[in-house]
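Under my numbering, the sequence shown has 544 at position 160, and the numbering climbs by one with no breaks.
No lab work stands behind these hints, which were simulated from the structure alone. From the three backbone atoms N, C-alpha and C, an ideal C-beta is built for every residue, glycine too. There's no promise every hint is true.
Stated by the list, open to error - With a straight-line cut-off of 16 Å between C-alpha atoms, the simulated EDC-like cross-links for lysine to aspartate or glutamate are:
no.	residue 1	residue 2
1	594	623
2	501	473
3	685	669
4	416	471
5	423	435
6	439	403
7	685	626
8	416	482
9	617	655
10	652	615
11	733	635
12	423	403
13	594	655
14	734	590
15	662	623
16	629	684
What the hints assert, rightly or not - Distance ranges between label pairs, derived from CB positions:
no.	residue 1	residue 2	range
17	454	591	42 to 52 Å
18	404	594	19 to 29 Å
19	404	438	39 to 49 Å
20	748	438	55 to 65 Å
21	433	406	17 to 27 Å
22	416	473	30 to 40 Å
23	498	471	45 to 55 Å
24	501	600	45 to 55 Å
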Amino acid sequence: MEIKFKSLFKQNLSYEISDNYPDGLIVINYQKSVVYWNKKAQELFGFSKKEVIGKNIGFIFADEVEKVYQSLGENRSLVLSVRTKLDQEIFVEITCADANNKEEMLITVRDVTKTQKLLEGLKAELDKTAKASQNKSSFVASLSHELRTPVHSMIGFSQALLDGISGRLTEKQEKYVSIISKNATNLLALLNNVLDLSKIEAGKMEFNFKNFDVVQVINSVTEVISHFAADKKLEFTVDLSDVVKRSIYSDENMLRQVLLNVLNNAVKFTEIGSVSLKVIHPDLEFIRYQGINVPPDFTDKSYLMFSITDTGIGIAEEDVNNIFDEYRQFDRSASKKYGGTGLGLAITKKILNHLGGVIWVESEYSQGSTFSFIVPVERPKITEEI
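Please model the complete structure; the sequences and the hints are all you need to start from.
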């Protein structure tokens, strides 16, 4: 008898196609008993259809079955360690989705053993170099987590699309694509941060100082941030009314990255309320107070101060002074919720140091924060030796 289950049938996938699908496909009923088991699932676990059909999924996932139960109906991916019929350990990523009007569940299973062992090997090597510092140990754990989820998700969902499960995207497929996009963006940002930090510490970061229109740079960044803020229904305002000097001398790309980092953090850690950016020319006395060595020919128009204020989660008093330290995550619970490795602000501070600027924060826990940074925007006059 040809087996068809509606979740796949709706996408015009017959039994023959599903049986040759590159991932394992398991369908269970409301009693959590297996009612369908494709060829790839047999290859992964070593059990034939006759050995599995009608049995509880605990027969397959053993000690990990409670995690599987919890993931049912949540439509999220989960990486598990399971043992095959030959008692070999493998790592699989499973994704659960409703099927047949929620009377059955479809479990997609992908072998990620090589990727998982590679990541565990990376974590082990990083652990060796991080034992002297608890902060670095925390960074290693966070890095491992941040890498695992995006990589697995991208592989799973992008491969599903490449395998031709859709022509015109269904609502579910659109969701998969959005997951790919989100995780790809997160992974790219993570890798860029790690790469930037290593370059800065090795003195290999290249800076390109030139004249450019600072308002155009600000607008290009705020245009991107405004979309992020709108997605979270946050009010986002920009005040450039005090900026009288549009053509400045600095590193355009580095200044753009600094502004993007700080604004992105403000939106990221704010759930309700607003984020605002105000840019002014600060007076020289205030600039010197911030520890900047002001050249004798500079005026207050030789500097710009960017202030980003949010109504987000804020920073505890004991963490304000070390918020810009490398590998530092000021709130471990927040880092789990919002992600990140604690590198963004450290990189921002190092870049500003190279630009001749400074950054600081004023914050109260649960009351929001104001991050401010000052950068010189003129080229100092050089007195030629006679």
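Consistency of the hints with the structure:
1. 594 with 623: Distance of about 25 Å is beyond 16 Å: violated.
2. 501 with 473: holds, 11 Å
3. 685 with 669: holds, 13 Å
4. 416 with 471: violated, 23 Å
5. 423 with 435: holds, 13 Å
6. 439 with 403: violated, 19 Å
7. 685 with 626: Given that 16 Å is the threshold and the Cα spacing comes to 10 Å, the pair holds.
8. 416 with 482: Holds. Residue 416 to residue 482 sits at ~13 Å (cutoff 16 Å).
9. 617 with 655: holds, 8 Å
10. 652 with 615: Satisfied, since the Cα-Cα distance of roughly 11 Å is no more than 16 Å.
11. 733 with 635: holds, 15 Å
12. 423 with 403: holds, 5 Å
13. 594 with 655: violated, 38 Å
14. 734 with 590: holds, 13 Å
15. 662 with 623: holds, 5 Å
16. 629 with 684: It holds: about 11 Å lies between the C-alpha atoms, which stays within 16 Å.
17. 454 with 591: 42 to 52 Å: Given range 42 to 52 Å: holds, Cβ gap about 49 Å.
18. 404 with 594: 19 to 29 Å: violated, 57 Å
19. 404 with 438: 39 to 49 Å: Hint violated: Cβ distance 23 Å, outside 39 to 49 Å.
20. 748 with 438: 55 to 65 Å: holds, 60 Å
21. 433 with 406: 17 to 27 Å: Given about 18 Å between the Cβ atoms, the range holds.
22. 416 with 473: 30 to 40 Å: violated, 23 Å
23. 498 with 471: 45 to 55 Å: violated, 19 Å
24. 501 with 600: 45 to 55 Å: holds, 47 Å
Against the hints set out earlier in the document, violations occur for numbers 1, 4, 6, 13, 18, 19, 22, 23.
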